[in-house]
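Visitor: From first to last, the protein sequence lines stand for chains A and B.
Going by numbering that gives the first Met the number 0, 121 is the number at position 122 of the first sequence; the sequence numbering is gapless.
Going by numbering that gives the first Met the number 0, 199 is the number at position 200 of the second sequence; the sequence numbering is gapless.
Just so you know, nobody snuck in bad clues.
Now the in silico label distances, taken between C-beta atoms and shown as ranges:
id: 1; chain 1: A; residue 1: Ser95; chain 2: B; residue 2: Leu220; range: 29 to 37 Å
id: 2; chain 1: A; residue 1: Asp45; chain 2: B; residue 2: Lys337; range: 36 to 44 Å
id: 3; chain 1: B; residue 1: Gly416; chain 2: A; residue 2: Pro73; range: 48 to 56 Å
id: 4; chain 1: A; residue 1: Phe23; chain 2: B; residue 2: Met53; range: 45 to 53 Å
id: 5; chain 1: A; residue 1: Gly32; chain 2: B; residue 2: Ile176; range: 43 to 51 Å
Straight line, CA to CA, 30 Å or less: simulated DSBU-like cross-link-like pairs of lysine-lysine:
id: 6; chain 1: B; residue 1: Lys358; chain 2: A; residue 2: Lys158
id: 7; chain 1: B; residue 1: Lys95; chain 2: B; residue 2: Lys337
id: 8; chain 1: B; residue 1: Lys95; chain 2: A; residue 2: Lys68
id: 9; chain 1: B; residue 1: Lys83; chain 2: A; residue 2: Lys48
id: 10; chain 1: B; residue 1: Lys191; chain 2: B; residue 2: Lys337
id: 11; chain 1: B; residue 1: Lys337; chain 2: A; residue 2: Lys68
id: 12; chain 1: A; residue 1: Lys158; chain 2: B; residue 2: Lys337
id: 13; chain 1: A; residue 1: Lys158; chain 2: B; residue 2: Lys365
id: 14; chain 1: B; residue 1: Lys336; chain 2: B; residue 2: Lys191
id: 15; chain 1: B; residue 1: Lys337; chain 2: B; residue 2: Lys365
id: 16; chain 1: B; residue 1: Lys336; chain 2: B; residue 2: Lys325
id: 17; chain 1: B; residue 1: Lys365; chain 2: B; residue 2: Lys336
id: 18; chain 1: A; residue 1: Lys68; chain 2: B; residue 2: Lys365
id: 19; chain 1: B; residue 1: Lys336; chain 2: B; residue 2: Lys358
id: 20; chain 1: B; residue 1: Lys191; chain 2: B; residue 2: Lys325
id: 21; chain 1: B; residue 1: Lys365; chain 2: B; residue 2: Lys95
id: 22; chain 1: B; residue 1: Lys95; chain 2: B; residue 2: Lys336
id: 23; chain 1: B; residue 1: Lys95; chain 2: B; residue 2: Lys83
id: 24; chain 1: B; residue 1: Lys358; chain 2: A; residue 2: Lys68
id: 25; chain 1: A; residue 1: Lys158; chain 2: A; residue 2: Lys68
id: 26; chain 1: B; residue 1: Lys358; chain 2: B; residue 2: Lys95
id: 27; chain 1: B; residue 1: Lys95; chain 2: A; residue 2: Lys158
id: 28; chain 1: B; residue 1: Lys358; chain 2: B; residue 2: Lys191
id: 29; chain 1: B; residue 1: Lys358; chain 2: B; residue 2: Lys337
It is worth saying that the hints were derived from the structure and are not from the lab.
In this text, a Cβ means the ideal position worked out from N, Cα and C, and glycines have one as well.
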Amino acid sequence: MTDSPEEQTEEVVEEVAAPEPEMFGCPMTESRGQLVLHVARDRYLDVAKQLADEGYAMCVDLTAVDYSKYMDRPLPASVSPERFEVVVNLLDITHSRRIRLRTQVPEADATIPTLFDLHPGTEAMEREVFDMFGIAFDGHPDPSRILMPEDWNGYPLRKDFQVGTIPVQFKGAAS
Amino acid sequence: MTMIADEGAQELRPRSELTARELLREVGSVLRLSEAEAAKLGDLPEDPDEDQTMVINMGPSHPSTHGVLRLMLELQGETVLRCKPIIGYLHTGMEKTGEQLTFMQGGTNVTRMDYASPLNNELVFSMATEKLLGIDGDIPERAQWMRMLLSELNRMSSHLLFMATNGMDLGAVSMMIYGWREREEVLRFFQKVTGLRMNHNFVRPGGLAADLPPGWRDDVLRILDLLPERLEEYDILMTGQPIWRERLQGVGVITPSEALALGATGPILRSTGVEWDLRRHDPYLRYDEVDFDIIVGSYGDAFDRYAIRLNEIRESMRIVRQILDKMPEGDYRIQDKKVTPPPRARIDESMEALIHHFKIFTEGFKVPEGEVYVAIESPRGEIGCYIASDGSPTPYRMHVRAPSFVNIQCLPHMMRGGLVADAVAVISSVDPVLGEVDR
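For reference, chain A alone in the conformation it holds in the complex (with noise of 0.2 Å):
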């Protein structure tokens, strides 16, 4: 938290003005004109699947994002930020529309539901995820590492990962 207390109270007293918008009970907000929908992480599976109902058929894209450094992002007054954010962006083919789910993920228990099951495309991400970050996928079939080695040490994406600090790890060469 880089913010001081006073300014945040600010922040919360302006967002508490106006009635957040929501959907399926999920503060939704706009970002740059997209749809975005800050979902909890015990909702998470359950808005993934009522969205496909909705036609949300397709998941496109899934990543995380380790926001350690940057704990004072906009987010609505509901929601309490963590350190992970899962960012899950679907699309509906038939109206050609899109939506962006976040869920805060805490970094005391960085588990989320795998949504394998749902969209079965996502396990590739999902394992990329967890490569990356460290976040598990709770009921993943294969949670391997998919791009580092299976015994690297660290997840390279998180912000304490610090670039040319770690000696280049080689499996079996001698150090």
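With chain A fixed as given, assemble chain B onto it according to the hints.
Guide: What follows is chain B alone, placed relative to chain A:
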């Protein structure tokens, strides 16, 4: 931190090492099916004898794996029972690098992802940056049409490369030379415009790096006049040939619902008959002002994917002709002092312009807070760029949704139950670019 995921092996494990449940899970994960659906499969022997099957390794350095793709195949005789693509051999942490480079420098990074269509990568990155800056509505007309011209020519060069590699993979070796010959014509034009054959870094946030060179119209017309008869040669050499058809028809079939579930886009999705092209259904640049057809297949097999790409070259030529007619005069980049460096002539006469120039290239420009996902149609499918900005000149997080990375998940599905000889045809028809898969 509690971790529930065990970092299991990446490789395909022999059946004897697996419990029944693990096998089911693995079949499910390989086929991208849920466990319940995997249990219902009855089309293949579910538990063949261990001594009748073998697990063989194909790649990562195999001429027809398009780079460093490694496949582990479980075979019974010549039939592929299971297949698992193992990727990451070309992983260089480009998304991490993207967090170190400013928005100004970011193009040099993303252009190296899908090296067969670099201009589309730059385009999607620039469009995402422009959307974050809020200047996406102010890009000059000429810049938009120039971007479209380059994007379509790039689609042609990428599909011509596919023609070459697809021919080579299936034994039509002369096709390899032909495809490369035609691609070279397009790359020569790129070299004249951007200075480089590949990895151009020409499309930049705010517009393009330079205007089109004198005589560009004649060069494009020369390509447009040359290609139709060459494409007809391809038809004679491949499309109508019984051997070619036998080799591709009915191979690597995928249904529309499977393609949608797997997130496949581009020619793979269109080969199943689903009419989905972002140029038409989510128009960007000025694609709503040009006339073109979306090519769709009907069987979802490797032949459809070949035919779609061949005809998309023709459609791209049709678009390029319209661009030639409609190319407006004007500026090739936005005159927004925040994003655009001052012209070279101004630097000689103005101290402020020199400082401004220096600051843009050393510090970059600040991009307001926010996050945005922009997607365009690359030759391989939907390429998307997700950028989260914290208000600094470098992206806080830059993620590229690479079409090949997602499309490659179709391989196990397409190969299941097929012959090992068809595996090469299937890989080729998915047309993965490993630079983009691994990033």
